[in-house]
Amino acid sequence: MKLRKSAIALLSVVLLAQTLSACGKKDSKGNSLADKPNKLTVGIKFDQPGLGLKAPDGTFKGFDVDVAKYIAKELGVKEGDITFKESKSAERENLIEKGEVDYIVATYSITDVRKEKVAFAGPYFVAHQDLLVKSSNTKITGPESLTGNMKLCSVKGSTPAQKIKDKYSKAVQLQEYGTYSDCVDALLSGAVDAVTTDDVILAGYAAQHPGDLKVIGKGFSDEHYGVGLKKTDTKGKTAINAAITKMIGDGSWEAALQKNVGPSGYKIPAKPAVTE
Amino acid sequence: MNFDFLSNPDYDILGAFWVTVQLTLLAAAGSMIWGTILAAMRVSPVPLMRGFGTAYVNIFRNTPLTLILIAMSVVLSNKLGLVLASKSSPTFIKDNNFRLAVLGLVIYTSTFVCESIRSGINTVPAGQAEAARAIGLRFSQVLWIVILPQALRSVVAPLASVLIALTKNTTVASAIGVAEASLLMSTMVENESDALLGVFSIFALGFVVLTLPTGLLLGWVANKATVKR
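Chains as they are written, first to last, in the numbering used here: chain W, 1 to 276; chain H, 1001 to 1229.
Do not take every clue at face value.
With beta-carbon atoms standing in for the labels, derived distance ranges [what the hints assert, rightly or not]:
no., chain 1, residue 1, chain 2, residue 2, range
1, W, K88, H, L1025, 24 to 34 angstroms
2, H, D1012, W, D57, 37 to 47 angstroms
3, W, P263, H, A1204, 39 to 49 angstroms
4, H, A1055, W, I268, 52 to 62 angstroms
5, W, S189, H, I1033, 25 to 35 angstroms
6, W, I268, H, G1215, 50 to 60 angstroms
7, W, V113, H, F1052, 11 to 21 angstroms
These aren't lab readings, by the way, just hints derived from the structure by calculation.
Beta carbons: idealized from backbone N, C-alpha and C, even for Gly.
Build out the structure end to end from the sequences listed, making use of the hints.
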């Protein structure tokens, strides 16, 4: 009797697991983004100044938002027909696979592991991991100058934090918070010595605190930001690649960067080559 | 499902759950002590203590735990300079965060312990306290010798629920960077995006392994300990 009960329990767990995994697989045929959609749902970040930020009045601002709008325009969708949806880092692959968003422009680095699940178009931007410090700090000049007992802050679970530990200094103490804003707060109050992540994200925060914070400007890794979309949608990928190439070519790429992250003193980097 | 990540030496899953267990046990001990004191305050004859107990419970029980823990780190430690570890220690951040998290969890969980114990006190017949006072015991003696021993025996089951909730609440400590199970989970979610479901299942299983025996054991204890009336 007992055995039967536990067998039933086990069976229901297995069934549940299968239903869950089935969730991820449905809707795999879907329509291509290249087939003139009427409206689009686009995943962006809501909390990154300069890239993807939801303003208090409900509008969206940032470089990622401008790229998303440009692509939509090229796909034949009017700006009013775009719905922006928050796509947090951990949810991005799932949102694409389930078809809850059509594509994602959210500081989404192209990696091989992610390519197992989604396709990338682009890259539309190449960022470099960097350090954000107080303007008065002269000790930290780059990742090599991080020594023992210095305190570094990043977002929990993020790749930049892991990289510093692995590549540069094991002695550096790492503070992890849920958001970059908490890190910036800790930096301003002197509880940590530096904040690390991609330079373009840091530039957004430096711009919010002009005079108090500076980005070191010695990037030490390449993060290729791509536009994530469904793995099966090859035509859509080609269409988005064409849109990105056009955006870089006609000057709107540079204008969008200048508008969104230029004020922080961030040097507009060289134009990326679309290689995906 | 893909479980390749289990053999990756970068992920110390057992170590992370061990931190979860430590957080739970230390916070449980602290909450038990502080929660009992709070309950004593709430039933004491001194209006000031009653007022403090009521205010404390209502403020902290109704504040989100995430807010309390982030305030521990951002406000109490970073802004007001309260540090719970030696600043020159090479593991300062780790130790300080861990202790702040325990403190935050105690502040929050003790309100639930207090209310459970107070409900236990209400199960003790008024005659018990009256008889104790009649033989000349002071309030503290009535409470510690007569009321609380009976009250605690009747609230083992609700306290077990509080303990299970606490075990799961420790995941919030990842918001201030305590290296417990859910922080490792965020790292793995970031790196193993092709095996998300596997990662989630492993951590869900880990928590069930921690909480299920707690519930069963304390359920049995509750049956044994209860005062039959």
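Supplied distance hint 24 to 34 angstroms, evaluated on CB atoms of K88/W and L1025/H: holds (32 angstroms)
Cβ distance range 37 to 47 angstroms for D1012/H and D57/W, holds or violated: holds (45 angstroms)
Distance restraint evaluation - V113/W, F1052/H, Cβ atoms, bounds 11 to 21 angstroms: Violated, since V113/W and F1052/H (Cβ atoms, about 53 angstroms apart) do not stay within the stated range.
Pairwise beta carbon distance, A1055/H to I268/W, judged against the given window 52 to 62 angstroms: holds (55 angstroms)
Range hint 25 to 35 angstroms (beta carbons of S189/W and I1033/H) holds or violated: holds (32 angstroms)
Supplied distance hint 39 to 49 angstroms, evaluated on CB atoms of P263/W and A1204/H: Given about 45 angstroms between the Cβ atoms, the range holds.
Range hint 50 to 60 angstroms (beta carbons of I268/W and G1215/H) holds or violated: holds (58 angstroms)
The structure fails hint 7 only (numbered hints given earlier).
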